[in-house]
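In order, the protein sequences belong to chains B and H. Just so you know, the first sequence maps onto residues -15 to 91 in this note's numbering. Just so you know, the second sequence maps onto residues 998 to 1314 in this note's numbering.
Check the hints yourself; a few may be wrong.
Claimed, not checked - So these bits of chain B aren't anywhere near chain H, every CB distance computed over 10 angstroms:
#: 1; residue: Asp4
#: 2; residue: Asp6
#: 3; residue: Val18
#: 4; residue: Glu21
#: 5; residue: Glu24
#: 6; residue: His29
#: 7; residue: Arg34
#: 8; residue: Ser42
#: 9; residue: Thr61
#: 10; residue: Glu63
#: 11; residue: Ser64
#: 12; residue: Leu67
#: 13; residue: Asp70
#: 14; residue: Phe90
Unchecked claim - No farther apart than 20 angstroms at their CA atoms in a straight line, the calculated lysine to aspartate or glutamate pairs in the EDC-like style are these:
#: 15; chain 1: H; residue 1: Lys1019; chain 2: H; residue 2: Asp1002
#: 16; chain 1: H; residue 1: Lys1024; chain 2: H; residue 2: Asp1014
#: 17; chain 1: H; residue 1: Lys1058; chain 2: H; residue 2: Glu1113
#: 18; chain 1: H; residue 1: Lys1126; chain 2: B; residue 2: Glu86
#: 19; chain 1: H; residue 1: Lys1126; chain 2: B; residue 2: Glu13
#: 20; chain 1: H; residue 1: Lys1019; chain 2: B; residue 2: Glu59
#: 21; chain 1: H; residue 1: Lys1280; chain 2: B; residue 2: Glu86
#: 22; chain 1: H; residue 1: Lys1058; chain 2: H; residue 2: Glu1040
#: 23; chain 1: H; residue 1: Lys1188; chain 2: B; residue 2: Glu13
#: 24; chain 1: H; residue 1: Lys1188; chain 2: B; residue 2: Asp(-9)
#: 25; chain 1: H; residue 1: Lys1028; chain 2: B; residue 2: Glu59
#: 26; chain 1: H; residue 1: Lys1024; chain 2: H; residue 2: Glu999
#: 27; chain 1: H; residue 1: Lys1024; chain 2: B; residue 2: Asp(-9)
Worth flagging that the hints you see were computed from the coordinates, not collected in a lab. Predicted model, so just to flag it, every value in this text is computed and none were measured. Every residue gets a Cβ at the ideal spot worked out from N, C-alpha and C, and that includes glycine.
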Amino acid sequence: MTNAGNDIEQLRLDEPEAVDLDELCAILELRSEVVCEWVEEGVVHPVGQRHSEWRFHSRELQRALRARRLQRDFELTTESLPLVLDLIGEVDRLRHRIRLLEHRFFE
Amino acid sequence: MEFKDYYKVMGVEPSADTDEIKRAYRKLARKYHPDVSEEPDAEARFKEVGEAYEVLRDPEKRQQYDQLRASGYRGGESFRPPPDWGGGFERSGFGGTAGPGGFGGAEAGGFSDFFETLFGGAQRRRPRKGRDLRTRVDIDLETAYSGGTRRISLSQPQAAPDGSMRPSRRTLDVRIPAGMTEGRQIRLAGKGEPGPQGAPPGDLYMEIHLLPHRLFEVDGRDVILTVPIAPWEAALGARVAVPTLGRRVEMNIPAGATSGQRLRLKGRGLPGQPPGDQYLLLKIVAPVPKNEPQRELYERQRDTFEFDPRADLETSS
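Could you build the full structure based on these sequences and the hints that come with them?
Spelled out as structure tokens, the structure:
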């Protein structure tokens, strides 16, 4: 929605609905077979049993986008992606903890 | 427009073979990839490296680039493409599109004008969706808790009447719902750059970052508040009023509390399913005696307590 008076767009960041398999494939520009393989290998974790029921919530979309970048930029194998993603996540969490502790003890 | 020395960016000699270029790229990518790097200019450097690699790994693009370089251009020099640029070559490649949700959005710069001028033809021939945009939204903790509105400004190229691309500003008032956490990424489908030649627009990715708060630290949905208490409150217990994100609450400090002890206020953190908790981190603060009676009180404590706070530091030697 655009406020015509001053050309300021109004946007709401409401929790976006989870995306389905087709939408995720379109976002990632990947074939569905590749995303299904990602799910099998634990790269991303949908909610739902059958492919047609799969929904990927925003955190999984974020993880999938990161996986896509890492695979593209480092040519990582699908098998290595979950480990790399988990380790990067752990590094992020530890960095955040370090910042908290530094802030608490040194500032 | 500036001529870019892609060999210098990659740190390789112009005679480097494809394997050397690939090795150099991997090394630089590990250093600057925004998903793993903490370097302050990682994103910009990674783009630069990605652009250089895009050209040097592709024999056709590299040949065209080398041809220009051979005519005497050097990095940083002013550059205008020759009028016959591109003649005799079949342009290929992805022409500077950003990776999906990646770091190539116009907000982050995309590929340079230099690249687009030399190799952007392929993309123009093959319309696809507009570029995704990616931006950071800094919010304070109160907004994360209660929701609110933030105004942000995006820079994105826009087609001028003559067909050239010009930078333009786009202002957004973003309504942020309660319960946002650090690093959360929100995708707004179709709010990215308009698609070329009627193609669908790209998406807008907003990444939420929480600004440091004067009182609270944040860990996921949990918030941590350091609560100073007097030695007698720690020893005897006390009922104290503490701020939470919503309102002040009263709580009991148990007798015999210690510095560093954590007390939990369930569900007083950031909203969500489930909501976070608030932790109180106790910190015993001893007042400095300011007069004789206060000094005497400390002396009486020293004489009354048989207390060695450093007993654990004793060693056998």
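How the hints compare with the structure:
no. : hint                  : verdict
1   : Asp4                  : holds (13 angstroms)
2   : Asp6                  : holds (13 angstroms)
3   : Val18                 : holds (13 angstroms)
4   : Glu21                 : holds (17 angstroms)
5   : Glu24                 : holds (21 angstroms)
6   : His29                 : holds (16 angstroms)
7   : Arg34                 : holds (24 angstroms)
8   : Ser42                 : violated (7 angstroms)
9   : Thr61                 : holds (15 angstroms)
10  : Glu63                 : holds (19 angstroms)
11  : Ser64                 : holds (14 angstroms)
12  : Leu67                 : holds (14 angstroms)
13  : Asp70                 : holds (13 angstroms)
14  : Phe90                 : holds (13 angstroms)
15  : H:Lys1019 x H:Asp1002 : holds (17 angstroms)
16  : H:Lys1024 x H:Asp1014 : holds (16 angstroms)
17  : H:Lys1058 x H:Glu1113 : holds (12 angstroms)
18  : H:Lys1126 x B:Glu86   : violated (44 angstroms)
19  : H:Lys1126 x B:Glu13   : holds (11 angstroms)
20  : H:Lys1019 x B:Glu59   : holds (11 angstroms)
21  : H:Lys1280 x B:Glu86   : holds (16 angstroms)
22  : H:Lys1058 x H:Glu1040 : violated (24 angstroms)
23  : H:Lys1188 x B:Glu13   : holds (18 angstroms)
24  : H:Lys1188 x B:Asp(-9) : holds (15 angstroms)
25  : H:Lys1028 x B:Glu59   : holds (16 angstroms)
26  : H:Lys1024 x H:Glu999  : violated (26 angstroms)
27  : H:Lys1024 x B:Asp(-9) : violated (44 angstroms)
Against the hints set out earlier in the document, violations occur for numbers 8, 18, 22, 26 and 27.
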